[in-house]
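Asks: The lines below spell out each chain.
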Amino acid sequence: MRKKTVKKFKKDINVVNQITGEGWVYSDTVKKHFFYPKNLLLKDPEPGDFDAEGTAGSPACGDMMRMWIKIDPKTERIKKLKWRTFGCASAIASTSMFSEMATEKGGMTVNEALKIRPQDILKRLGGLPERKIHCSVLADQAFRKTVDNYFRARLPVRQKIRKTKAG
Amino acid sequence: MKRIYLDHSATTYLDKRVRRVMDSFWEENFGNPSSLYKEGRKAKKALDKARADIASLIGSRSDEIIFTGGGTESDNLAIFGVVKALGSRTPKPHIITTKIEHHAVLNAVKNLEKEGFEATYLNVDGNGLVDPADVKQALRPETALVSVMYANNEIGAIQPISEISKIIEKYRKDKLESGIKEKTPLFHTDACQAAGYLEMDVRKLGVDLMTVNGSKIYGPKGIGFLYVKSGVKLKPIIYGGGQEKDLRSGTENVPAIAGLAKSFKIAQKEKKKESARLIKLRDKLAQGILKTIPKTVLNGHPKKRLPNNVNVSILGIEGESAVLYLDAYGVSASTGSACTSLRLEPSHVISALGRPSEYSHSSLRFTLGRKTGEKEINYILRILPEVVKILRKISSLKTSDEV
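Those protein sequence lines, which keep their order, are chains A and B.
Our numbering numbers the first residue of the first sequence as 1 and each following residue consecutively.
Our numbering numbers the first residue of the second sequence as 1 and each following residue consecutively.
The hints are simulated quantities; they were obtained by calculation from the structure and are not laboratory data.
These figures come from a predicted structure and were not determined experimentally.
A portion of the hints provided could be inaccurate.
[Stated by the list, open to error] Straight-line Cα separation of at most 27 angstroms, BS3-like style, residue types lysine-lysine; simulated pairs:
| hint | chain 1 | residue 1 | chain 2 | residue 2 |
| --- | --- | --- | --- | --- |
| 1 | A | LYS38 | B | LYS170 |
| 2 | B | LYS389 | A | LYS80 |
| 3 | A | LYS74 | A | LYS31 |
| 4 | B | LYS45 | B | LYS280 |
| 5 | A | LYS70 | A | LYS38 |
| 6 | B | LYS389 | A | LYS43 |
| 7 | B | LYS272 | A | LYS145 |
| 8 | B | LYS175 | B | LYS233 |
| 9 | B | LYS92 | B | LYS2 |
| 10 | B | LYS280 | A | LYS32 |
| 11 | A | LYS79 | B | LYS393 |
| 12 | A | LYS32 | B | LYS304 |
| 13 | B | LYS166 | B | LYS233 |
| 14 | B | LYS303 | B | LYS280 |
| 15 | B | LYS166 | A | LYS31 |
| 16 | B | LYS2 | A | LYS32 |
| 17 | B | LYS291 | A | LYS38 |
| 18 | B | LYS389 | A | LYS31 |
| 19 | B | LYS84 | B | LYS233 |
| 20 | A | LYS43 | B | LYS229 |
| 21 | A | LYS70 | B | LYS272 |
| 22 | A | LYS43 | B | LYS45 |
| 23 | A | LYS43 | B | LYS291 |
| 24 | A | LYS31 | B | LYS45 |
| 25 | B | LYS272 | B | LYS166 |
| 26 | B | LYS291 | B | LYS304 |
| 27 | A | LYS80 | B | LYS45 |
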């Protein structure tokens, strides 16, 4: 019984980092990615720089991110993944971390990257204050949107290919 | 690196002169003011002196000052105390307050709504000011209490308290003449942010209840007082040994009370000079930000605001990120962004100005203090554009976007 109350109490303190146990404190990895973000899109893209673009979140909620991807059409590996985020430190850090995970070691395939869950990002970041997770870890959603747009854009091409083959 | 503290509306450090006064109350003069023997009498004397000092600063009588555990408690005592004393004569009591109150008032009133009270939350204009005509319109025969804060903690907007009190006074008079014997509505103001800078004479302000605390005026934390005009019926929210005219039981916090009195005395004595000095710095900072950083707006009235308050929305950047960047540059500031609040809601104050929530998320508040000078302001004006440039580069919102 007592254990239960303790557990409930702990759950209520949602500012606590679920890995370090500290309240309202960002891990060193989070700080590193916040102050020195990786794969940030610095210049507005030229046509042809990327294959697709996607957005998640909204500025009204306080967090919004935009992602751009370039995919190798043969291997479906992610050649480039860039982003911009309007949001708090954890939104910036988690997007930066996602971009690193998706592009490191020669890049994941689209299917591999689609399997990255928020928990995986958190693990690599050394955790986040609990209450930050739902609102700010949007990178996986932004990526899914971007990939949707990527395939949607290619769809007519594929159909065209199929048609020409059939013809 | 030397820190630049610009969050004096959150809390202030203790003034050395105040600490010196408090020092003697920990070991030497430690008695309980309720005790009859010498130690008790000594403590009682100090308590009486603090009360008399505060009373003279606000133009009240000594017995109209009730010491409490801080601003939140004073606000709660004013609101719950008034409604608990109403009795059964007002079947469906009504309360008027504003949309930009501190949570200590707002959540107390919301709580009463759950208990069947009716409440009106007055709108403010784009500059954060309450229109006294709106108060007049909202008054009803069953209105028990009007609570309007003196100066806002986020945007510094100074409300026309004496104008509002005149309207209430007239309404009460008319009510009395029409044969209703109740002395309602009562008028409460939360003056925590005002206490260091503005006119605090309760007769001039015309209030029935006024909240002040120590932690915003270079005094100790966890101490405050509620001015209760004589004749105002109030019930306690804390029960016990009957201290503070039965309105706030518990052994009096004599060291903090002595400190509160001293800090309030210093603040009131220095307010004219200090306000003039801060207004110059405030306007320099605000104008500097608006001029050098594109897509910025000032939140709150440009003139009718606290001498130490600058609140700006810097579009396209998010408040928490900005606060953390400034922190890395050695500057302490705050934001109305949801990302730093415990509730995940953006600032209710900036939302009440009628702007989209992006303005709250991008808001930054700098509140100046006694140690703030030209040098500090120049430093902010130098680094803030850099910080904004970095964060706007990261931001997915184009500043030309409709934010």
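Asks: Now tell me if each hint is right for this structure.
Replies: Do the hints match the structure? See the list:
Of the pairs offered as hints, the one joining A:LYS38 and B:LYS170 is violated, with about 65 angstroms between alpha carbons and a cut-off of 27 angstroms exceeded. Between B:LYS389 and A:LYS80, the direct Cα distance comes to roughly 24 angstroms. Compliance with the 27 angstroms bound is thereby established for this hinted pair. The hinted pair formed by A:LYS74 and A:LYS31 fails the criterion: a straight-line CA distance of about 37 angstroms is larger than 27 angstroms. Of the supplied pair hints, the one linking B:LYS45 and B:LYS280 is violated, its CA atoms being roughly 41 angstroms apart against a limit of 27 angstroms.
For the proposed pair A:LYS70 and A:LYS38, the alpha carbon gap of about 16 angstroms is at most 27 angstroms, so the pair holds. Pair hint B:LYS389 plus A:LYS43 holds up; C-alpha atoms about 13 angstroms apart against a cutoff of 27 angstroms. Of the pairs offered as hints, the one joining B:LYS272 and A:LYS145 is violated, with about 58 angstroms between alpha carbons and a cut-off of 27 angstroms exceeded. Pair hint B:LYS175 plus B:LYS233 holds up; C-alpha atoms about 18 angstroms apart against a cutoff of 27 angstroms.
This hinted pair does not check out: B:LYS92 and B:LYS2 have alpha carbons roughly 56 angstroms apart, beyond 27 angstroms. Between the alpha carbons of B:LYS280 and A:LYS32 the distance comes to roughly 38 angstroms, so the proposed pair goes past 27 angstroms and is violated. Proposed proximity of A:LYS79 and B:LYS393 is supported: the alpha carbons are some 22 angstroms apart, at most 27 angstroms. For a cut-off of 27 angstroms, the pair hint linking A:LYS32 to B:LYS304 is broken: about 42 angstroms separates their Cα positions.
Pair hint B:LYS166 plus B:LYS233 holds up; C-alpha atoms about 20 angstroms apart against a cutoff of 27 angstroms. Between B:LYS303 and B:LYS280 the CA atoms are separated by roughly 12 angstroms; this keeps the pair inside 27 angstroms, and the hint holds. Restraint check for B:LYS166 and A:LYS31: the C-alpha separation of about 54 angstroms exceeds 27 angstroms, so the hint is violated. Only pairs whose Cα atoms come within 27 angstroms are accepted, and B:LYS2 paired with A:LYS32 is accepted, the gap being roughly 23 angstroms.
Proximity of B:LYS291 to A:LYS38 is assessed by CA-CA distance (about 32 angstroms); at most 27 angstroms being required, the pair is judged violated. With a CA separation close to 18 angstroms, the supplied pair B:LYS389 and A:LYS31 stays within the 27 angstroms bound. The hinted pair formed by B:LYS84 and B:LYS233 meets the criterion: a straight-line CA distance of about 9 angstroms does not exceed 27 angstroms. For the hint linking A:LYS43 to B:LYS229, the alpha-carbon distance of about 64 angstroms lies beyond 27 angstroms, and the restraint is violated.
Between A:LYS70 and B:LYS272, the direct Cα distance comes to roughly 63 angstroms. Violation of the 27 angstroms bound is thereby established for this hinted pair. In summary, the hint linking A:LYS43 to B:LYS45 is not supported, as the alpha carbons are separated by about 70 angstroms, beyond the 27 angstroms threshold. A hinted pair counts as satisfied when its Cα atoms are at most 27 angstroms apart, and A:LYS43 with B:LYS291 qualifies at roughly 25 angstroms. At roughly 53 angstroms between alpha-carbon atoms, A:LYS31 and B:LYS45 are farther apart than 27 angstroms, so this suggested pair is violated.
As the CA atoms of B:LYS272 and B:LYS166 are separated by approximately 26 angstroms, the hinted pair is consistent with the 27 angstroms bound. Taken as a hint, the B:LYS291 and B:LYS304 pair is honoured in the structure, with Cα atoms around 21 angstroms apart against an allowance of 27 angstroms. Taking the CA atoms of A:LYS80 and B:LYS45, the gap is about 75 angstroms. The hint is violated against a cut of 27 angstroms.
When the structure is compared with the earlier hints, violations turn up for hints 1, 3, 4, 7, 9, 10, 12, 15, 17, 20, 21, 22, 24, 27 and for no others.
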